[in-house]
Amino acid sequence: MSGLREDLRISWRRLAARPAASAAAILALALGIGFSTANYSVADAILFHPLPVPDIDRVVVIGLRLEASPDDFRSVPPADFSLWTSSSRTFQSIAADRRWFATFTGSGEPLQVQGALVNAAFFDVMQLRPALGRFFTAEEEHPGHDNSIVLNYHLWERQFAADPAIVGRTVQLSGRSFTVCGVLPKGLNFPRGAEFLAPLAWEPGAWADSSSFVLHVTARLRDGASLPQARAEFDSFTRASAAQYPATHSHVTANLVPLRERASGGHAAGYIRILIAAVLFLVLIACLNVANLQLARILARGREMAVRAALGASRLRIARQVLVESLLLSAAGALLGVLTASWALDYIRALIPPEFIRFLPGWSSLGLNRWVLTWTALTAAAAGILSALAPVAWLNRASLAPSLHESGRSSTTGTTRGRLRTSLVVFETSLAVVLLIGAAVMVRSFGAIDGLDVSNDPRQALTFRLSLPESRYPGSAAAARFQNDLLTRLQALPGVRGAAIVSNLPGSGSANSAFVTVEGRPAERGPGAVSQAQSISPSYFHTLGLPLVEGRAFNPSDGRDTAQVAIVSQAFARRFFPAASPLGRRVHLGDGNWLTIVGLAADVLHDYGDRHPLPIVYRPAAQFTWNSFDALVATSGDPSSLASAVRRAVHDTDAAQPVYLLRSFDRLLRDNTFGIAFVASILAALGAVALFLSLLGVYSVMACVVAERTREFGVRLALGARRASLLWLVLRSGLLIAAASLLLGLPAAFAVLHLLRGFIFGVSPYDLSVFAGVPAVLSAALAAACLLPAWRATRTDPITALRYE
Amino acid sequence: MKSMISLRNVDKYFQQGPERFYVLRRVTLDIKPGEFVAVMGPSGAGKSTLLHVLGMHDTAWSGEYLFLDQPIHQLDRKKRLEIYKKYFGFVFQSYHLLDDLTVAENLDVPLSYRDIKKSERQAIVADILDRFRIVGKKDLFPSQLSGGQQQLVGVARAIVANPKIILADEPTGNLHSSQGAEIMEMFKQLNEEGATIVMVTHSETNAAYAHRIVRIVDGWIEQQ
Chain A
258 MSGLREDLRI SWRRLAARPA ASAAAILALA LGIGFSTANY SVADAILFHP
308 LPVPDIDRVV VIGLRLEASP DDFRSVPPAD FSLWTSSSRT FQSIAADRRW
358 FATFTGSGEP LQVQGALVNA AFFDVMQLRP ALGRFFTAEE EHPGHDNSIV
408 LNYHLWERQF AADPAIVGRT VQLSGRSFTV CGVLPKGLNF PRGAEFLAPL
458 AWEPGAWADS SSFVLHVTAR LRDGASLPQA RAEFDSFTRA SAAQYPATHS
508 HVTANLVPLR ERASGGHAAG YIRILIAAVL FLVLIACLNV ANLQLARILA
558 RGREMAVRAA LGASRLRIAR QVLVESLLLS AAGALLGVLT ASWALDYIRA
608 LIPPEFIRFL PGWSSLGLNR WVLTWTALTA AAAGILSALA PVAWLNRASL
658 APSLHESGRS STTGTTRGRL RTSLVVFETS LAVVLLIGAA VMVRSFGAID
708 GLDVSNDPRQ ALTFRLSLPE SRYPGSAAAA RFQNDLLTRL QALPGVRGAA
758 IVSNLPGSGS ANSAFVTVEG RPAERGPGAV SQAQSISPSY FHTLGLPLVE
808 GRAFNPSDGR DTAQVAIVSQ AFARRFFPAA SPLGRRVHLG DGNWLTIVGL
858 AADVLHDYGD RHPLPIVYRP AAQFTWNSFD ALVATSGDPS SLASAVRRAV
908 HDTDAAQPVY LLRSFDRLLR DNTFGIAFVA SILAALGAVA LFLSLLGVYS
958 VMACVVAERT REFGVRLALG ARRASLLWLV LRSGLLIAAA SLLLGLPAAF
1008 AVLHLLRGFI FGVSPYDLSV FAGVPAVLSA ALAAACLLPA WRATRTDPIT
1058 ALRYE
Chain B
93 MKSMISLRNV DKYFQQGPER FYVLRRVTLD IKPGEFVAVM GPSGAGKSTL
143 LHVLGMHDTA WSGEYLFLDQ PIHQLDRKKR LEIYKKYFGF VFQSYHLLDD
193 LTVAENLDVP LSYRDIKKSE RQAIVADILD RFRIVGKKDL FPSQLSGGQQ
243 QLVGVARAIV ANPKIILADE PTGNLHSSQG AEIMEMFKQL NEEGATIVMV
293 THSETNAAYA HRIVRIVDGW IEQQ
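As you go down the protein sequences, you meet chains A and B in turn. Under the working numbering, think of the first position of the first sequence as 258, with each following residue one higher. Under the working numbering, think of the first position of the second sequence as 93, with each following residue one higher.
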């Protein structure tokens, strides 16, 4: 132990004696460990501890999917839920929930609030204790008794100023009175985005509905049951459902996913894993950098090592000294890394718009907690050991005895040492190539999806969402009247070029879909028979700037009492009518209402996750009226200047109707691609740090090479070499490192992007501009990093150099 | 008297392309306990190489090496190190003090490699500082000492672990004659106290301190 203390003391003194080299190593480690810590913190919040749910790994989210689409995840009909709750032996409790956009009134302006209707089993599944009051019980799930409500902690804080006397208070939601019975614990943002939970109280008959795919299901595994067992059990359930309900359940199977994976949305877990892999790359790059610096130190201390060996030190003891030095460096790097992480987390927090936070379970716990700091400590220890490996391996192989000879020339040739150092820096730079290319492809992907192929500028359009409560708009005629009145008011506003409504705008992240049946053909239920269904006002295509390719647009005469009509997208026509025009043909969307196709619209990519435009059927909103819909207002100037006029128009149409998600269309598109933008910006930052570390590595290697070859440069100059030739000599070495790094890095990047192709949208994972641009930038940067050592080489004084020893 | 060191047909060479360049050639040598042997020869003759073979720093050679009847040529690195730590001390021409350590710390280094307790080590170092009359310099770094003082510390470091045999590679090569004489007197005294000494030197004056001179030319030991 005293020997270790001694090693620590000597190491500290040695590191302090060479502040520049020590600072370079600490900086590299601080960047690697710091960014790793910050990203682990994000992973910890979103992936590892997203919800304060006990034994979260026992909780599973259950959906349905088409057999041919493994990534598909659909809501569940009530009939399936009823079968599962009555028959499952692998789950101890199964809960259902359904989103509810409610209008909150009675406290100032009407407010649109997203909540969820859940059954009481939800609280058994989550095994939660209320922060305040109680949760509602199974007895309160029955119609007529369903007047209790549980508030989310965030809503309680925001809307009720965390009033401890909230329990027992009455609130109005979409015209109904509810009594607050409790408050959810802090940090429980589930179901995602829900700010209150109300009982899912349906008449018994409603639970037999097999055709409405409306429920989200979560369940807790029984003790001793495993997820594979549950999957097998649910396969048998879906087979039974397919036999019982062939029209809706053919080719459909259950999809059971751990809650942890889906708590933050479909792609979140995958993106977080990409970030973790990227930071591990970065830590490895930092380690290789420090290993190189350490190796240079050890080589410079070759004689000291030999003397220690001659004084009786074993190789293990010498290696221990090197390891202690590395660990000391990594400990200093970790301390500085924690500061770096704290700064990076501030930056990451600033990236997330406040309104997004409730969609990111766990985000409130983002920070340097004990799990994150344990990760920091482990990363630092691993970095210390990894960065000592190369120097220790060299010490183990090298013969130290020649260093003791008077000349001090090692028989371990400069070539061998140089090769090891160059290998380390080549490996480091090739990892940076992979990270840079990955980051560049992700940034390109984000750039490619950040826009729609429509003629009207999304920056000159305002959007908002409305959800008309059933209590005040009980039938579709009332909702249709509201829509017409609203559109008339909006179109009359000065500065408005057009106004339209649509069930879900492109880029909004939501859409309804249905199975298409073509007249004269048998009904199909495979993935190829699915189309999106949108209800639109006649002005939609004009307002959006989406051309109509053939046929006619809807007009006000397409009403409730006229023939039902549809416009289809080109992708729809290609899928269902590849050989002829679809105009005049009839289709229905599973409900038996035949629609005559009267127009053909250009394609539009509805969601950035779609590789290609999907088939879309547009129906007149007057014939198929939805109570929840998006509104689009095209403006001739800055859309934000029209926000209050738009609010007034809604208020004038119905004073009790709140406006939800009022923002420019451009902002809506950016919000929907926020996840990939977040990942792209973090990866871009990691790529920049990786590039910096590589340049640092190449610079230090070239600086060592130049120092070691001073005598050679002196001889060359004495023999008549021009200084430019020395410059080229050094630059060429740097370019050779770049070439070797690219030779290793490019195929590796190709392989990594092949694995990540599911997360890249809008561009090819093997985007040529990235695969050509990154090598060009890297080569130029590496050449620049060699310039200072190369310039030093040209300044060699032959007289001094020839005395150099 | 039985030999302490016995070399039989020791060869050492470097491969240079197809050629072998021999540094030591069929070296056969016996050194008895308590002997003071000087190794002499021209530059490049293989003197230092022979010393590093004896000191087991160099293990890339062929032939037989018996130390107190133990076949060094058959032992693994760990066992050789154990023998070295128990019996050997080494003095270098260029002193090779560790620059980052003070005089006292330099003297402590060989002891720290021999698993001696800290308190015991401190006592030994204090004793050796006193014996070499360098107590006042114990907290100085090597760069703050003259060449003679550095070599004095080098010799003190070589004997601090109480070795039975001291190997010295041109110990006065970098010193003025008066400083050299002081070091040689120190070796003489150590030899009289029982230490076996093998010293590489170019100096006939220094060689005169030895009981026996071994001459080496082009790797061959001349007939004694």
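Think of the hints as simulated: they come from the structure by calculation, not from any bench. Each residue gets a CB set at the ideal place from its N, CA and C atoms; glycine is no exception. Hints are not guaranteed to be accurate.
[As the list claims (entries may be wrong)] Chain B is faced by these chain A residues, among others (derived, beta-carbon under 8 Å): (1) R270; (2) R271; (3) I531.
[Said to hold, decoys possible] Here are the computed distance ranges between Cβ atoms for each label pair: (4) D231(B) to L1000(A): 32 to 40 Å; (5) W312(B) to E965(A): 34 to 42 Å; (6) K210(B) to A273(A): 16 to 24 Å; (7) A280(A) to R117(B): 48 to 56 Å; (8) A981(A) to P163(B): 53 to 61 Å; (9) R266(A) to P134(B): 38 to 46 Å; (10) E965(A) to K94(B): 47 to 55 Å; (11) L993(A) to D161(B): 52 to 60 Å; (12) L993(A) to P125(B): 54 to 62 Å; (13) A280(A) to D161(B): 50 to 58 Å; (14) R266(A) to P125(B): 47 to 55 Å; (15) K210(B) to A280(A): 28 to 36 Å; (16) L993(A) to P134(B): 40 to 48 Å; (17) R980(A) to P163(B): 37 to 45 Å.
[Claimed, not checked] Covered, in the sense of this in silico footprint (three residues per stretch, anywhere, with C-beta under 8 Å from a C-beta of chain A), are these stretches of chain B: (18) 155 to 167; (19) 306 to 314.
Hints, verified against the model:
For R270(A), the interface hint holds, the least distance from its beta-carbon to any beta-carbon of chain B being 6 Å, beneath 8 Å. Interface restraint check for R271(A): the shortest CB-CB distance to chain B comes to about 5 Å, inside 8 Å, so the restraint holds. About 45 Å separates the beta-carbon of I531(A) from the nearest beta-carbon of chain B, more than 8 Å, and the hint is not met. The hinted window of 32 to 40 Å between D231(B) and L1000(A) is violated, with their beta carbons roughly 54 Å apart.
A hinted range of 34 to 42 Å for the beta carbons of W312(B) and E965(A) is consistent with their spacing of about 36 Å. The given range of 16 to 24 Å is respected by K210(B) and A273(A), whose C-beta atoms sit roughly 23 Å from each other. Remark: the range hint 48 to 56 Å for A280(A) to R117(B) is upheld by a beta-carbon distance near 51 Å. Under the hint 53 to 61 Å, the C-beta atoms of A981(A) and P163(B), about 60 Å apart, fit the expected range.
In this structure the supplied range 38 to 46 Å holds for R266(A) paired with P134(B), their Cβ-Cβ distance being about 45 Å. For the pair E965(A) and K94(B), the supplied restraint of 47 to 55 Å holds, since their beta-carbon distance comes to about 49 Å. Separated by about 55 Å at the C-beta atoms, L993(A) and D161(B) satisfy the suggested range of 52 to 60 Å. Between L993(A) and P125(B) the Cβ separation comes to about 58 Å, which falls inside the hinted range of 54 to 62 Å.
Separated by about 54 Å at the C-beta atoms, A280(A) and D161(B) satisfy the suggested range of 50 to 58 Å. Between R266(A) and P125(B) the C-beta distance comes to about 39 Å, which lies outside the given range of 47 to 55 Å. In this structure the supplied range 28 to 36 Å holds for K210(B) paired with A280(A), their Cβ-Cβ distance being about 32 Å. Evaluation of the 40 to 48 Å hint for L993(A) and P134(B) yields a pass: the beta carbon distance comes to about 43 Å.
Take R980(A) and P163(B): their Cβ atoms lie about 58 Å apart, and the range 37 to 45 Å is violated. Counting residues of the segment 155 to 167 of chain B whose beta carbon lies closer than 8 Å to any beta carbon of chain A gives 0, which falls short of the minimum of three for the stated coverage. Chain A is given as covering the segment 306 to 314 of chain B, and this is violated because 0 residues of the stretch bring a CB closer than 8 Å to a CB of that chain, at least three being needed.
Going through the hint list in order, the structure does not satisfy hints 3, 4, 14, 17, 18, 19.
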